[in-house]
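Enquirer: These protein sequence lines are chains X and H, in that order. The first sequence runs contiguously to residue 358 in our numbering. The second sequence runs contiguously to residue 460 in our numbering.
Accuracy of the hints is not assured; some may be wrong.
[To be verified] Heads up, incomplete: computed chain X residues facing chain H, CB under 10 Å, no partners named:
1. THR69
2. LYS104
3. ASN109
4. ASN111
5. ILE112
6. LEU152
7. GLN154
8. PHE157
9. LYS159
10. ILE160
11. THR204
12. PRO205
13. GLN291
14. SER304
15. LYS308
16. TYR349
[As the list claims (entries may be wrong)] 16 Å max Cα-Cα, derived EDC-like pairs, lysine to aspartate or glutamate:
17. X/LYS357 x X/GLU256
18. X/LYS342 x X/GLU278
19. X/LYS297 x H/GLU156
20. X/LYS327 x X/GLU302
21. X/LYS159 x X/GLU114
22. H/LYS95 x X/ASP246
23. H/LYS142 x X/GLU278
24. X/LYS159 x X/ASP261
25. X/LYS297 x X/GLU256
26. X/LYS327 x X/GLU294
27. H/LYS142 x X/ASP62
28. X/LYS104 x X/GLU256
29. H/LYS174 x H/ASP312
30. H/LYS347 x H/ASP312
31. X/LYS143 x X/ASP86
32. X/LYS335 x X/GLU294
33. X/LYS280 x X/ASP261
34. X/LYS93 x X/ASP82
35. H/LYS375 x H/GLU365
36. H/LYS105 x X/GLU345
37. X/LYS357 x X/GLU94
38. X/LYS239 x X/GLU256
39. H/LYS97 x X/GLU294
40. H/LYS95 x X/GLU302
Calculated directly from the structure, the hints in this document are not laboratory data. Here a beta-carbon is modelled for each residue, glycine too, at the ideal position from N, C-alpha and C.
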Amino acid sequence: MPEDQGVNGDMWTEEATRLLGKLGWNKVGDSNVDVKNEDEKENGLDAMFVYKDPKRNTNILEGIVLEAKRYKTTSLNISSLHTFIITLDKKLAKIKNSGLFQATFPKIGGAAIQIGLIVLWISDLENYSAFEKTFKEKFSSIKLPFKSNTATPNHIYVLLNSDILRMCSLIDMVEKLNAANKKSPMKFYYPSSDYFNNAVARSETLTIDYIFSKFVLAESIIRRTENKFIFYFGELSIQAFERLKSFLLENSFIEKKSPLTIFTYLRDDEFRKIKPDVITLFKKLSINTKIEEMTLYSDLPPFLKD
Amino acid sequence: MSNKYKYPTTYELKEILSRIANKTFLNRFAQSRGVFVTNVNQELLANVLSKLFYDDSDLEIIRQEAYRENNSHTLTGFVVKSKKKNFNLKTIYERLRETGKGGIGVILNEVTKVNDDESYDYKSSFEYIKTKPGRIEFLQNETNFFNFYFKDLKNGAWQIEVDSSKSTDTKEIKNLFTKNLPMDEYGLELIDQDYLTSDATIVFFDRLAKEGLSSEWNFLDVKHLTVKRGNDIKDNEDDLDELDAEEDLDSKQLSKEELTGITQAILEGKNLREDPFVRDCEGKGYKFSAMTYEFDNQNTPYVISIKAEFKGRPKVFEVGIAEVFEKTGIKGIKHPTSLSSKENRTVRSIFWNNAKVIYESIRSQTKCQ
């Protein structure tokens, strides 16, 4: 059996569920259920989640179908991923407007279901690094269906080990900061957008857009002072921080009275040389700035385990 | 003050992704970061992607694509002639490079000897910044880069071939020489449409169909032909893109039926000037200005469309590859494909050099008459 099914597979579904729960996503119903739609065929679902997208101006929830996959490098190739995506696309198409599906998950409350998330854990970690590079390069070659202009789009996102561990580092940092500041849990910051017609929003939920972004903005009140945080997963060059500064100014995220902490994720020895210059970039704006490193994980952290 | 590292606004990102980049790039860009959207058009996919936040390296990929999409490569060139029979353009260029004579915002890169399989002796590259005022600030300070090749034709002449991505590229390298060399001793020779009469442009494009490529390529079809009135103003070459747009007011694109007649005339080896439509154009003072040819390779399954065009001020001849197809199956169904950058440049170079031979032969005949 190529997929690490059985106990390991179920365990990974639970770990992935814990991960998403820590990002503020709410699980609806049980894991590993078969649901029927109008054509009477059963669709296996690893788990179903909903969250309120802070950027949306309505109360409609986002519904996300989770596919948790656990594989070894030797049993996984790009055509397997292609199959996962196509299967999930078909599944989403069937259940998004299904009354039977809504009946199975009454708590879903009419959520818009157009997001599928494949959380793909490669278990032989010693081979992962070499595998990921070639595997990810082939992502672009996957041909996606384009049925007709009347078929509605489905958004399918794929997280591999490196993305999963990146999220674990973010969760770890948020939990540490929250533990030290129990009165005011950190909230992720969603800038306003004239283009998408949304006002500034703050939420403990991390949306799928943020998971696939190179930085995440957050705020927390610490000793009556609003503190600003950036979880930064991008490259560590001076121009990258110039670009980040431009974004922050454009979106009015930074304020003179609010200390700013940038948590960097990537490791680069050269960054030590330019770190003072990066701090100066923000200090020139009279902003008290700190740069710290996030904890890196090479395997799933204990907080995702039982 | 303009910020060199400005983060684009959501509007700018959306505009670039939906209108400037192409769908293939957008799919690749989305999928390479694990985002797969099914049943989606470019507009909607751009919407999804413009909600994400990017770092500098992602934005550079987007910016490069936006520039690339606007700039498919063309090949053009010119000859520098001197009264001094033994002048050395390589030495002159290296001196200009070392003394910083390129000008502000210009980088002249070093000269390298090219491989023996190339038809040129030396290669170098040129970088310059072009500021483009416009709505999208993220794209305003565009750094242009192009390679150029040069060879000694002996007897005081050097040929330069420019693998350009913008019409302004050739102007930049020409200016380098015209501003720094005494022009009473040196001169530049271009394939310039202004030196061809209306009937000569017809002969020029007609002969290109047969003589533009080597014998392994068979002429198949004329995909596109533009004719323009001949008498244009010659004195302003500041913004070639704008001028080309203005020029279009006095140009005509041919209908499918008219193109079929022209293709037929070329295939049958008839004198193109006897075609009724062409005769009519010639009578009204139109010059042939651009033609897109389709050629079929006898030894490989490739079919290519080559666009040959007089462009800019002065109207200099340039060659680009519009499309490449690979034929598959018994029916020879054409699928879009691409040539490697070297193959692409080689085909354009052969075509341009053959065009130069045709141009010189037509001009020498005109001078004799």
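Enquirer: Hint by hint, note whether the structure agrees.
Expert: Status of the hints after comparison with the structure:
1. The beta carbon of X/THR69 is not positioned within 10 Å of any beta carbon in chain H (closest approach about 19 Å), and the interface hint is therefore violated.
2. For the restraint placing X/LYS104 at the interface with chain H, the shortest Cβ-Cβ distance is roughly 16 Å, beyond the 10 Å limit, so the hint is violated.
3. With a least beta-carbon distance of about 15 Å to chain H, the hint placing X/ASN109 at the interface is violated under the 10 Å criterion.
4. Interface hint status for X/ASN111: violated, as the beta-carbon distance to the closest one in chain H is roughly 20 Å, over 10 Å.
5. Taking 10 Å as the C-beta contact cut-off toward chain H, the hint placing X/ILE112 at the interface is violated, the least distance being around 17 Å.
6. Because the closest C-beta pair between X/LEU152 and chain H is about 22 Å apart, greater than 10 Å, the hint is violated.
7. Interface hint at X/GLN154: violated, since its Cβ lies 22 Å from the closest Cβ of chain H, which is beyond the 10 Å cut-off.
8. Interface hint status for X/PHE157: violated, as the beta-carbon distance to the closest one in chain H is roughly 22 Å, over 10 Å.
9. This hint is violated: X/LYS159 has a C-beta 27 Å from the nearest C-beta of chain H, more than the 10 Å allowed.
10. Checking X/ILE160 against chain H by beta carbon gives a least distance of about 21 Å; that is not within 10 Å, so the hint is violated.
11. Annotation: X/THR204 was flagged as interfacial toward chain H, and the flag holds, the nearest CB pair being 6 Å apart, inside 10 Å.
12. A cut of 10 Å between beta carbons decides the hint on X/PRO205: the least distance to chain H is about 4 Å, and the hint holds.
13. Interface restraint check for X/GLN291: the shortest CB-CB distance to chain H comes to about 5 Å, inside 10 Å, so the restraint holds.
14. With 10 Å as the threshold, the beta carbon of X/SER304 stays out of range of chain H, its nearest partner Cβ sitting at about 13 Å, so the hint is violated.
15. Violation of the interface hint for X/LYS308 is found here, the shortest Cβ-Cβ separation to chain H being roughly 19 Å, above the 10 Å cut-off.
16. Hint on X/TYR349 is violated. Least Cβ distance to chain H is approximately 19 Å, over the 10 Å limit.
17. For the hint linking X/LYS357 to X/GLU256, the alpha-carbon distance of about 22 Å lies beyond 16 Å, and the restraint is violated.
18. Between the alpha carbons of X/LYS342 and X/GLU278 the distance comes to roughly 15 Å, so the proposed pair stays at or under 16 Å and holds.
19. The straight-line distance between the Cα atoms of X/LYS297 and H/GLU156 is roughly 23 Å, outside the 16 Å bound, and the hint therefore fails.
20. Distance hint between X/LYS327 and X/GLU302 is unfulfilled; the C-alpha atoms sit about 23 Å from each other, more than 16 Å.
21. The straight-line distance between the Cα atoms of X/LYS159 and X/GLU114 is roughly 13 Å, inside the 16 Å bound, and the hint therefore holds.
22. Proximity of H/LYS95 to X/ASP246 is assessed by CA-CA distance (about 24 Å); at most 16 Å being required, the pair is judged violated.
23. At roughly 26 Å between alpha-carbon atoms, H/LYS142 and X/GLU278 are farther apart than 16 Å, so this suggested pair is violated.
24. Taken as a hint, the X/LYS159 and X/ASP261 pair is broken in the structure, with Cα atoms around 24 Å apart against an allowance of 16 Å.
25. A threshold of 16 Å between alpha carbons decides the hint, and for X/LYS297 with X/GLU256 the separation of about 24 Å lies outside it, so the pair is violated.
26. Among the hinted pairs, X/LYS327 with X/GLU294 is consistent with the structure: their alpha-carbon atoms are about 12 Å apart, no more than 16 Å.
27. Of the supplied pair hints, the one linking H/LYS142 and X/ASP62 is violated, its CA atoms being roughly 33 Å apart against a limit of 16 Å.
28. For the hint linking X/LYS104 to X/GLU256, the alpha-carbon distance of about 10 Å falls within 16 Å, and the restraint holds.
29. Proposed proximity of H/LYS174 and H/ASP312 is contradicted: the alpha carbons are some 43 Å apart, above 16 Å.
30. Restraint check: the Cα-Cα separation between H/LYS347 and H/ASP312 comes to about 11 Å, which is no more than 16 Å; the hinted pair holds.
31. The straight-line distance between the Cα atoms of X/LYS143 and X/ASP86 is roughly 12 Å, inside the 16 Å bound, and the hint therefore holds.
32. A C-alpha spacing of about 13 Å is found between X/LYS335 and X/GLU294, which places the hinted pair at or below 16 Å, so the restraint holds.
33. Pair hint X/LYS280 plus X/ASP261 does not hold up; C-alpha atoms about 20 Å apart against a cutoff of 16 Å.
34. In summary, the hint linking X/LYS93 to X/ASP82 is not supported, as the alpha carbons are separated by about 19 Å, beyond the 16 Å threshold.
35. Under the criterion of a C-alpha separation no larger than 16 Å, the hint pairing H/LYS375 with H/GLU365 is consistent with the structure, at around 15 Å.
36. Only pairs whose Cα atoms come within 16 Å are accepted, and H/LYS105 paired with X/GLU345 is rejected, the gap being roughly 32 Å.
37. With a CA separation close to 30 Å, the supplied pair X/LYS357 and X/GLU94 exceeds the 16 Å bound.
38. Annotation: proposed proximity of X/LYS239 to X/GLU256 holds, straight-line Cα distance about 5 Å (limit 16 Å).
39. Under the criterion of a C-alpha separation no larger than 16 Å, the hint pairing H/LYS97 with X/GLU294 is consistent with the structure, at around 8 Å.
40. About 14 Å separates the Cα atoms of H/LYS95 and X/GLU302, which keeps this hinted pair within 16 Å; it holds.
When the structure is compared with the earlier hints, violations turn up for hints 1, 2, 3, 4, 5, 6, 7, 8, 9, 10, 14, 15, 16, 17, 19, 20, 22, 23, 24, 25, 27, 29, 33, 34, 36, 37 and for no others.
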